[in-house]
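Undergrad: Make the full structure from the sequences, and use the hints.
Chains as they are written, first to last, in this note's numbering: chain F, 1 to 106; chain C, 1 to 533; chain U, 1 to 480.
Please note: incorrect hints may appear among the correct ones.
Said to hold, decoys possible - Dumping the calculated DSS-like pairs for lysine-lysine here, alpha-carbon to alpha-carbon at most 27 Å:
(1) F/60 - U/81
(2) F/53 - U/81
(3) U/81 - C/414
(4) C/103 - F/53
(5) C/370 - U/134
(6) C/370 - U/136
(7) C/103 - U/125
(8) F/53 - U/125
(9) F/60 - C/103
Said to hold, decoys possible - Chain U is faced by these chain F residues, among others (derived, beta-carbon under 10 Å):
(10) 5
(11) 18
(12) 22
(13) 26
(14) 31
(15) 56
(16) 61
(17) 84
(18) 97
Please keep in mind that the hints were generated in silico from the structure rather than gathered at the bench. Only a predicted model underlies this, so the values are computations on that prediction, with no experimental measurement involved. Don't be surprised by glycine CBs; every beta carbon is placed ideally from N, CA and C.
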Amino acid sequence: MKEEISVEVFNHLVGLAALELDAEQATYLRRELNLQLQVIHELEAIPLEEDLKINAHGVKYEASITPQLRADEWIPYEDVEAILSQVPELRDRFVVVPNIPHEKLD
Amino acid sequence: MTMQLCDTPAHELSILLRKKKISAKEIVESCLERVAAVDGRPGSLDPGENSSQDNQSVHAMITLTAEKALAQAKGLDDKVARGEPLGSLAGVPFTVKDIFCVKDTLTTAASRMLANFRAPYTATTVERMLAQDGLMIGKVNLDEYTFGSSNESTAFQPAPRNPWDTNRVPGGSSGGSAASVAAGEAAISLGTDTAGSIRQPAAFCGVVGIKPTYGRVSRYGLIAFASSLDCPGPLARNVTDAAMLLKAIAGPDRQDATAVTKAVPDYVGVLDQGVKGLRIGLSEDYFKIVYMDAETGEMLQKPVPDEVRAAVYHAAEILKAQGAEIIEDVPMPNTRYAIPAFFVISRVEAASNLHRFDGAKYGYRTAQPKRDLREMYQATRNEAFGLQPKLRILMGMYVSAAQYSEQYYSRALKVRTLIRRDFENVFDPGSSYHLDALLTPTTPTTAFEMGAVYGDSVLMQYADQFTVTANHAGIPGMTFPAGLGADGLPLGVQLLGPDFSEPILLRMGRVFEEGTQAEAWRLQKPQVLRGLA
Amino acid sequence: MSEYELVIGLETHIQLNTVTKIFCACKADSWEMEPNTNICPVCAGLPGVLPVLNEEVLRKGVLLAYAMHSEIRNVSFFDRKNYFYPDLPKGYQITQYDMSLGNGGYMDLFIPEDAGATRRVSITKLHLEEDAGKTKNAGSERLIDFNRCGVPLIEMVTGPDLRSAAEAAQYLTRLRQLLRWLGVSEADMEKGHLRCDANVSIRPVGSTQLFTKTEIKNVNSIENVRSAIELEYERQVREVEAGNRIQAWTLDWDDEKNELKKMRSKETEADYRYFREPDLLPVRLSDEWIQAVLADFPELPLHRKQRFLTDYHLTEYDADLLTTDRQLSEYFESAVKVYGGDPKKIANYLMNDVLRMLNESGKSAADTRLTPQYLADIVKMADAGKINASTAKNLLVKVEASGQAPNEIVAAEGLGQVRDDAAIRAVVEKVIAGNPKEVEAYRAGKESLIGWFTGQVMREMRGKADPKLAQEILKEILGS
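TA: The structure is reproduced here in structure tokens:
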């Protein structure tokens, strides 16, 4: 089987995805990815017209069924504290996370 | 034996309540008793080994909301006593797939990531069900973040099991919904369908399931999998109840810019209009599966089992007998590309939708002290996401990377257009087919055994081959039980129709239901109910 | 150093001054609010939420796109730009990528150093997007405030068309003027309504090649943009002359130390994995809708200035000043119209007195109580000699303070100029009688004392006398 996603590419994806994986997970996931890609490659066999239109949705949104845009009216949210109650670490109303590493300046 | 309230159809419960023959409290208590009898322990993050008792229970629930349900029942009974107007779902017990946010309860998405998450708001659909006086019994299990077709990937174990045979999967991802309805834990359930996640488990558990037209039902409050494909929809034990629920949840929503403003028809009112003159197509492209051999990478074709084909033809005969026209050999040539296209589109959207789960704002955060933000993100996501979310994220990252996006993502979207065109070609009133619906199997097989497919992400996806086309095209699809296989498990048959044709599909489903009322398989009950008094 | 030329492109982020955010109903403006108070499930990126586009954002976007000569697309799209950052609660920014609201465009800049020349600055990007939150360092931690999440922004990027720090500053000055003129943004750089990153490279004069650029970020005033570019120019020249290559760094402007620092390198564009936002439909703008938005599109500052020069014969300086601000220019024209006399007189009152008054009170020309009508009334009264010049200036302040019509104030307070010969004559006689020494000195030939005598008369009459008449009578009586 051709391995389209090499270990190197895989590791790049893991970084992009903000994941870290143990060896067992990595082996399983990389194998499944490559299997799925084989299926995906079937798409290449389909002859496509040059100007085939792409839609983000299957349904056609004609003007008559398309919702209006939102009017610019302020509606304060009534339960801000409930949002903050879910924050793992909160101080003085700030959401707290570890710092972002900075490169030393030369 | 008299029928218990928990097994009584929703539309009948509603009438009995209005006539004051029963109380909401009795309804809720009946459901809670049923849960106690068949559901076993609810899913949890730290389940230990399954006992043999566990292996014979349904495990639909993640969070049973018994107290709330009883409080709600009390409120409803007071309303009845005061003679106040009642909502359309008055007295109807329901469960909610735990992918919908509901205020003041947990909303887990069946993931460790959200195991402690309390949403500050309620999904539009659930809010509408509550506003119509429906009674929420609990929030039910699913594949983690809806990523699966068997429910085995839930982080909350034991995973749901099929009430017809607890060695089998209930299907997924709305497996808890289908199982809870089939087992009589509630009359109806709110599920979601991204590739078949309502229809496939409904078929496996012998209930009715509807994936409405995209945009017909608001997605606000549904934790997104693939935003361009996700559809909330009903699961119910009969067509009428499904129509009732659809009626309650459909309609425009100012919080969902993709929810259409089209008026909602009276889905219940049209049910008895019959099928005379309606044109129903059968397609050979829906009687075979095209799948990849994992060893060789070769694409293979296999016809569906005879009993599956027979169930569809049987349904066609019933409908024909009531005046529908059956048109065979309808070409749907792009059906086979629906899975590969889905692999691309859904992963791109899912990877993006899962970005927000980073340990900063809600849900899980790693307990390890972290020096920097990146390490916190990585440890959090690694510890809290199961394998299926990780798999979808990584694939999404790959196929949408700038250098591959044209080759994969753009191409998949074009294929989606072709799949849509297949339907337009046969549904267009000006076309030679001008069909009102297509009749197909819902799934290629009956429910498979627990553990039989899980882990093989490709094979698992092929369980959705006949359902995912409707998600690509945006059109509505409905599955209804159409018999039992040789293994004694339910067989589902699917109707696919043009945009917003839910009333037509419901009418067809109702005609089939009436036409098969006397058939022997209708008397069969799920395994877990057989021993009950 | 002079053999190197600067090549600058500016990337601006413009906060639109809508009432609410772009995708939810929270307030757009949360300046000085407590952290995480102006949020809702949508802008805080909770699971399950969906964006709903604010129509006003499109209106303001269309106004700006039109002003920038950008093609307004009838169908545009929103896309997701995916990256992890704690100020971005969804982990992606909803923005417009390849099919944005505006396509292309330009702004013509007058180059003051090169009288009469214009520089056409091309616009390569003009799109709508949502703002991120704010973060600040606190030791080993970072504190996040989501109040600003979802504030509507227009990102506008110029081509590498600017050739000096002064030109960059001028572009920003003109852009700021335009944004306020159109009423689409408050455009206050210190409050972050208008943010600017500068892409800077150098090349030998005469070359048309583009060399490696650096990107300067986080500059919060036009003056600092100018300083930062000048510093970076010097640095790049030093590097090149030392035989080093310029590297594509991102530089952070340190406001306190007035210097540039190197930032950590960011992910490359390929990693943003843009794709169409499936939660929003394509933005479809009909021609009728666009025309309705543009129906009262204002005359732009440069045109108005030209017209002021030709119609009212103002000086270049005056015309420029009177068109810095749209309300001021409209005020001027209304006053001129009501007044009917020499526009220059209105201009003088405006620039010498009214502007100072407005600056002190912080009001704009549109909300002063000294309406154009009242200003014209005052100038007319002065022209007719009903009041003298100093009374006129005092009146401006009084009208602004009270909101009363100037003629009412004049009548009520008796500020009208006294032209009654007898009344003045009586006061003159009183002054002469009371100052015998000065009368003697005047009559002995010290005629310069006439001014002093006039002042005494005016003081006695609390400024209301017609000073010319008073002097004539003084001369007549003193001379007799």
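Undergrad: Would you mind marking each hint as holding or not holding in the structure?
TA: Status of the hints after comparison with the structure:
1. F/60 - U/81: holds (25 Å)
2. F/53 - U/81: The given pair, whose Cα atoms are some 22 Å apart, holds under the 27 Å limit.
3. U/81 - C/414: Distance ~21 Å between residue 81 of chain U and residue 414 of chain C Cα, so the pair holds.
4. C/103 - F/53: violated (41 Å)
5. C/370 - U/134: holds (22 Å)
6. C/370 - U/136: Between residue 370 of chain C and residue 136 of chain U the Cα gap is close to 18 Å, so the pair holds against 27 Å.
7. C/103 - U/125: With a Cα-Cα distance of about 42 Å, the restraint between residue 103 of chain C and residue 125 of chain U is violated, given a limit of 27 Å.
8. F/53 - U/125: Holds, because 24 Å separates the two Cα atoms, which is no more than 27 Å.
9. F/60 - C/103: violated (33 Å)
10. 5: Constraint on residue 5 of chain F not satisfied, violated at 16 Å.
11. 18: Cβ of residue 18 of chain F sits 5 Å from chain U, so the hint holds.
12. 22: At 21 Å from the nearest chain U Cβ, residue 22 of chain F fails the 10 Å test, so the hint is violated.
13. 26: Violated: closest Cβ of chain U sits about 20 Å from residue 26 of chain F, beyond 10 Å.
14. 31: violated (23 Å)
15. 56: holds (4 Å)
16. 61: Holds - the Cβ of residue 61 of chain F comes within 10 Å of chain U, reaching about 5 Å at its closest.
17. 84: This hint holds: residue 84 of chain F lies near chain U, its Cβ roughly 6 Å from the closest one there, short of 10 Å.
18. 97: holds (5 Å)
Taken one by one, the earlier hints fail for this structure at numbers 4, 7, 9, 10, 12, 13 and 14, listed in ascending order.
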